[in-house]
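**Student:** So the chains spell out like this:
Protein chains: 2
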Amino acid sequence: MTETPPAPLSATPRSTITRKKDRGRTERAALYSLLDEGLVCHLGLLLDGSPVVLPTGYGREGDTLYLHGSTGSPSMRAGDGSTDVCVTVTLLDAIVYARSVNDHSMNYRSAVIHGRPRPVLDPDRKLHGLRVVTDHLAPGSWEHARPVSAKEFAAVTVLELALAEASVKVRDGGPSDTEADVRDGGAWAGVLPLRTSFGPPEPAADLRPGIPVPEHVAGRG
Amino acid sequence: MTETPPAPLSATPRSTITRKKDRGRTERAALYSLLDEGLVCHLGLLLDGSPVVLPTGYGREGDTLYLHGSTGSPSMRAGDGSTDVCVTVTLLDAIVYARSVNDHSMNYRSAVIHGRPRPVLDPDRKLHGLRVVTDHLAPGSWEHARPVSAKEFAAVTVLELALAEASVKVRDGGPSDTEADVRDGGAWAGVLPLRTSFGPPEPAADLRPGIPVPEHVAGRG
Chain A
899 MTETPPAPLS
909 ATPRSTITRK
919 KDRGRTERAA
929 LYSLLDEGLV
939 CHLGLLLDGS
949 PVVLPTGYGR
959 EGDTLYLHGS
969 TGSPSMRAGD
979 GSTDVCVTVT
989 LLDAIVYARS
999 VNDHSMNYRS
1009 AVIHGRPRPV
1019 LDPDRKLHGL
1029 RVVTDHLAPG
1039 SWEHARPVSA
1049 KEFAAVTVLE
1059 LALAEASVKV
1069 RDGGPSDTEA
1079 DVRDGGAWAG
1089 VLPLRTSFGP
1099 PEPAADLRPG
1109 IPVPEHVAGR
1119 G
Chain B
899 MTETPPAPLS
909 ATPRSTITRK
919 KDRGRTERAA
929 LYSLLDEGLV
939 CHLGLLLDGS
949 PVVLPTGYGR
959 EGDTLYLHGS
969 TGSPSMRAGD
979 GSTDVCVTVT
989 LLDAIVYARS
999 VNDHSMNYRS
1009 AVIHGRPRPV
1019 LDPDRKLHGL
1029 RVVTDHLAPG
1039 SWEHARPVSA
1049 KEFAAVTVLE
1059 LALAEASVKV
1069 RDGGPSDTEA
1079 DVRDGGAWAG
1089 VLPLRTSFGP
1099 PEPAADLRPG
1109 IPVPEHVAGR
1119 G
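Read top to bottom, the protein sequences are chains A and B. Numbering of the first sequence is given in my numbering, commencing with residue 899 and proceeding in unit increments. Numbering of the second sequence is given in my numbering, commencing with residue 899 and proceeding in unit increments.
Please note: incorrect hints may appear among the correct ones.
Remember, identical chains collapse to one label, so a pair may be satisfied in a single copy or spanning two.
Below are the BS3-like pairs computed for lysine-lysine, each with C-alpha atoms no more than 27 angstroms apart in a straight line [to be verified]:
hint, residue 1, residue 2
1, Lys918, Lys1049
2, Lys918, Lys1024
3, Lys1049, Lys1024
4, Lys919, Lys1049
Just so you know, the hints here were simulated from the structure itself, not pulled from any lab data.
Please take these sequences and the hints and turn them into a complete structure.
**Tutor:** Structure, rendered in structure tokens:
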């Protein structure tokens, strides 16, 4: 059985990288892995004519990004159909030290997604969207924790955004000094990697005695 | 000698927190420390009528945020004076596991700043802004690395944004389950801390032999 590889990211005017084009990635797999590794997106929307950028939880399944929040929260007004939004996920990988101040940089991976999110209204699909978001934030918790009640379900909004118009940008590797700086520069050059890791789980102060840390928490990372 | 404490953050309609108001912070020191700890901001601006959110380097000095980028880059069009921007910095501190799926959350600190950035045109002030941004990204590099040349200086844009209209939101502590869930829930609850750290410095492949890792790199963190 052969699987059809997903279509590459195709650039629209809005998703065309105009600076440092060599950092662009067109493989859809690069978009997927970056979104799956990130924990929070930055959702940009227009509120009363001004851009607002809010950190927001999300989850991805296939070519759909799910966002969720409280019904009535500013970020969920992104789903009223009146405006496009921009969702950006950035992962920082290293500080890049160059021989020259000017060539200092960061290694990073970022995805910028444009589109018009729609609220997921069908109850089964909405519940599924909530699950995707939960599985992203806390894999294993959907099975382990108390399910969402009808009242809680009504108080949450789930938006879906198609991964149709997106760009991915990656900077990696060492510093990119000029040849003259490499030859003549006396400064140290290289990268200082940035690492994100999980510390030891900290049980809630009021946790009932005898409940061990489950594997989906203890084994994370 | 007594210093006048900085004025607290005062809410405008745009910077008034409408959801989870208990997470709001009004001390200006909370804004400062969060901005000083973050490495990248998410800059939201309007381009051709759509919101765009771009990861951007920055630095803070007093009540001024400096942003920088290549002249002509989309993010630097934020400084053309035509539109307000939104700058958001988010630090993730932990995944919060609750007894219920619905009360799962993240511990985070976020700052949302609104305003109209202005390009810094005066050469001395522009150079100073560049230094503030460099000191933020790579403290010590301004003294250690080759200074910015006149040509490089001309090719970069520095914007300044007043920290006048800003809000800070913090979620910390353990899960906030309902009393019934705490009493009856059999699920594990607590937090899984997220840590960001620096790995060992990696010298550039073409680094001249005999240049040791300087203390401002080796001792960072």
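**Student:** If a hint holds in the structure, say so; if it does not, say that too.
**Tutor:** Verification of the supplied hints:
In this assembly of identical chains, Lys918 and Lys1049 lie within 27 angstroms of each other by CA distance solely across copies; the values are 18 angstroms between and 48 angstroms within a copy. Taking the shortest Cα distances, Lys918 and Lys1024 sit within 27 angstroms of each other only across copies (23 angstroms), while inside one copy they are farther apart (39 angstroms). Taking the shortest alpha-carbon separations for Lys1049 and Lys1024, only the intra-copy value of 14 angstroms comes in at or below 27 angstroms, while the best inter-copy value is 54 angstroms. Taking identical chains as interchangeable, the C-alpha atoms of Lys919 and Lys1049 lie at most 27 angstroms apart only when they sit on different chains, with a minimum of 21 angstroms there against 48 angstroms within one chain.
In summary, the structure agrees with every hint in the numbered list given earlier.
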